[in-house]
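Hints are included, so try docking the two chains, each in its own frame, into the full complex.
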Amino acid sequence: MIWYLKSVEQMIEVEHLSKMYGSTPAITDVTFNVEQGEILGLLGSNGAGKTTTMRILAGYLPATNGTARIANLDVHEDSLSVRQKIGYLPETPPLYPEMTVEGFLFFVARIKGVPAGDRKTKVTAAMERCNLLDKRHVIIRKLSKGYRQRVGIAQAIVHDPPAIILDEPTVGLDPRQIIEVRNLIKSLAGTHTIILSTHILPEVSMTCNRVAIINKGKVVATSTPENLITQVTGGSGYILEIEGDVNLAKQVLQNIPGVGLVESIPSVGMRVGGACLRVISQTGEEPGANIASALMRTGFNLYEMRRVNATLEDVFLQLTTTEEHLEPEVQQEAKEEEN
Amino acid sequence: MGVVIANIIAIYRRELQSYFVSPLAYAIAGVFWLLSGLFLVLILIGPEGILPKVAELDVQGQQLGIPVPPIDVPYEFIRAFLDRMGWLLLFVLPILSMGLYAEERKRGTLELLATSPITNWAVAVGKLLGVLTFFTTLLLPMLVFEAIALSGATPPMSPQIFLVAHLALILLAAAILSLGMFISSLTESTILSAVLTFAVILFLLFIDLIAKGIGGSVGEAIGYFSLLKHYNTFLQGIFDTSSLVLFASYIILGIFLTAQSIDALRFQRH
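As you go down the protein sequences, you meet chains X and G in turn. Numbered per my numbering, the first sequence spans residues 2 to 340. Numbered per my numbering, the second sequence spans residues -4 to 265.
Be a bit skeptical, because a hint or two may be false.
[Claimed, not checked] Calculated lysine-lysine pairs in the BS3-like style (CA-CA distance at most 30 Å, straight line):
(1) X/Lys86 x X/Lys187
(2) X/Lys143 x G/Lys101
(3) G/Lys101 x X/Lys217
(4) X/Lys136 x G/Lys224
(5) X/Lys86 x G/Lys48
(6) X/Lys136 x X/Lys123
(7) X/Lys123 x G/Lys224
No lab work stands behind these hints: they were computed from the structure.
Okay, chain G solo, but in the shape it has when bound (with noise of 0.2 Å):
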């Protein structure tokens, strides 16, 4: 067991290692923060923003002096800056995870990682974390901006809701990064493996529109996989059990089927 943690550690620092020296990591960090910031203003104070929203309500109801239903604004507020922040990841997340194994096929190293004591479930659990690690660093400056903004807020954020829907962001980022991880291990292009993701992440953010429409049984089947439905009872604060199964699911199913496309690629004619 130590020797295979130690393998997912080495593993896991040389994918880190990779991201700092990547124009492209940058290139991802620099477009995701002014994205993400910009939606934060425009949330915030923008012209159709919260904050100017629940003061012009204020007015209204002094106006007509009808008591104005009070308004949980921290509260609004995380809810619509981390559902902008879902629809930022389909974008960011492919480009993300499209190199992982695909990079590693065109080099050659795969050749290296395969014929090393390393099993490839080891290998995948390594990378998962490294591409992981590097999202959540994208995501420590944004923590940074939402407390400033919170900091004033009455009545205070619930800490709970706060970290429920951080988690919930993780738990999507790691659960589309893994199924990610496995299309890049299907093919050497990295571009093809990035639309591939994009593709699949559409349909499952999307999925439970089919279900609506197919209905009955079946259709709450289907429904219950869809990513964006689960991850928006988390961000309603909501610590669902069956929801966080389900997204482990998506992450195991990754991992493993990374580990069996790899497996499969040398029963492959070369």
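If we strip away everything but chain X, and leave its shape as in the complex, we get (with noise of 0.2 Å):
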């Protein structure tokens, strides 16, 4: 097989791709990658265009433009041998619930190509790994929320695919399911490629090796959860509370030397001309004792100085929403982080 030669293969390639609903687009210009063996995440929020961009993959929408390749297959050109090669979980799972668990996996498994003889083996193997077995015979129907999503996810693998796509895989489940699909969905990375998609933060850096942030139809960054926290937010900051004027405050802690952001974020039980700020700091700089000298030396009542470390959530909500004034750098350095 010709794969061996090449060090990193990629199994999605996703080139400007756009989906125009008539007037709206629902997705401009998405471009991403995912190599063999990888989880991607798209996270974004609802309605960001992540529904439209997994259709399109799953063959199920025609994009307006642009190209989307599985394992080197066009998706809309090599429609049929594309959709063998991939397993799909929309967003309800697709199920028949007067069929058992087995009767419905067996279906799948026919009408995806799955040989005869590999049936049985397959079907058992899917049930295995979503835990299904003891439910084997038991009517869809019957079974709770967490019990579908996980014959939603067997249906996905049943065939035993190089690519999964997950629509929202851990919506409506309690913790206790997530964190069981989670698990799930980490064993079956190296050996299928996956993209999966959220609006939850934690489960990006808890499942995913690289993200796709997506915001209003646009991928606005494309990295590890790591490299995109360090690089968007700086890593870590301080959260401060302050009285006096807010805006001279923030142009005095962004003089000092490591400090990058300033923000002020809003604050519950604060006293009358209080004020909360969040500082990010540069990486590896560590301004604090700066800060706090600064702040007494030009006047400023410091009532709380907090560490905080960047997470996942502030990444997302920067790139999100002051996008305009970021979209350029970060893209620029999501494409040196894949070059």
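Below you can see the structure in the form of structure tokens.
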């Protein structure tokens, strides 16, 4: 096989993908790659274009512009061959409520083109992976939401596809089930390439090797969760509660070496005339002592100073709220990262 | 080709399995058997039935001393019975076809089918075969009853007429189910699908009445599309190729439109 010649194989390649619904763009110029064996998280708020992107990848929707390739096959032109190579879990698991778990998986195996001789092994393996063996003879209608979601994942992996597309795989599950599903997804990586969408931030840092943040139909950043945190927010910073002129305080803080971004944040239970600020330090810098002394020197009252480590949530909020300001820089960095 | 057939069989099997666990399917079967059994009994020995009528004619003939023209009772019986069955289809078939695609759309399973390596028309053919098999199963008890009723007949029933007439019933059902399947693919609502299918069948059954009203060559051309007219041709025991072509055209049209409508779904706003 030719893949062994290359060290890294791109399993999913999305280039300049756009989709218009009438005159409304759902996604614009979306570009990203997923390497073989990797888990890519597509992160975005509701309506950002995640489902549209995944439906195009699954061959369910045609793109208006651009190309998407899975295992070197165009999803539109070689639709039938691509469909055999993907497993797809839509937003609502596509289940026939009157069928048993095993019967349903056999049906999916048949229409996905699994040879008759392999079906039993593959169906059993999928049920084993998704912890469904004790429910194999249960009618799907009688299953709880968590089990139904697992059957949904099982139907996506039953034919052992090289690429798996999961649209919000943990939505509507209880915390214990979420952990189970995450572990299941992680166990599939390596042998399978996975792209999953979510609007739950911790999910991405817990399950994904890389993340593509999508906002209003555009990819605003693609990198590993750790890189994004350092690149976008500078890693860590401080929360300050002060009394005095906020704008002046911002100016003072901006001038301190090692300080990156300074922004006002809302805070509850604040005294009159007080303000809450978030200061993000530049990579590797520890400007804490300077901040405290500068504020004292300029006559501000400092009520609280707390160190915080930036999370993916900060990255997400920054990228999706101050997008015009950050976008060029981040995209550039993201591109460098890919190269 | 082998793959396509395997896909059709997969869809067909799933469709059939779903009838065995569906309360609706059992209800339809129950009502269908009750009504068709009632028709059978009434046509045969009811007050206006064939046997009392023939007996009456016989008695009248003997009294007046005029020889009565012979009546082919088995043939008249089959014709009258299958004619009533044709009407029963008008109510039963929309209920059978209403869920074919509407249910898939509602449950989201259409997305599974559309992202599997299986073509739209293979799905449509599998589904149509499934529902047609279910319908044919509904007819089986009727065949047994008819056979019992006809076993004592002299002259015996011509097997050819018997076969052609029943083939016509199944062809009529297939044509209606195929169009019903297309209508089902247009909506997520099973009720809407059933009502629309009912209206379309009613129109296609009565189209020859409209055609007669129009008259002339246009009317004749429109009348050709009447399902009932061609059904009646078959019931007279005439194996007319043009009628066969018409039924086949309806079936293929239904499958074609279904595949097209499912494909067009992808281009809609979501």
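Taking the hints in turn, this is what the structure says about them:
1. X/Lys86 x X/Lys187: 19 Å, holds
2. X/Lys143 x G/Lys101: 18 Å, holds
3. G/Lys101 x X/Lys217: 28 Å, holds
4. X/Lys136 x G/Lys224: Violated. X/Lys136 to G/Lys224 sits at ~53 Å, over the 30 Å cutoff.
5. X/Lys86 x G/Lys48: Distance ~69 Å between X/Lys86 and G/Lys48 Cα, so the pair is violated.
6. X/Lys136 x X/Lys123: 16 Å, holds
7. X/Lys123 x G/Lys224: 52 Å, violated
Comparing the model with each earlier hint shows violations of hints 4, 5, 7; every other hint is respected.
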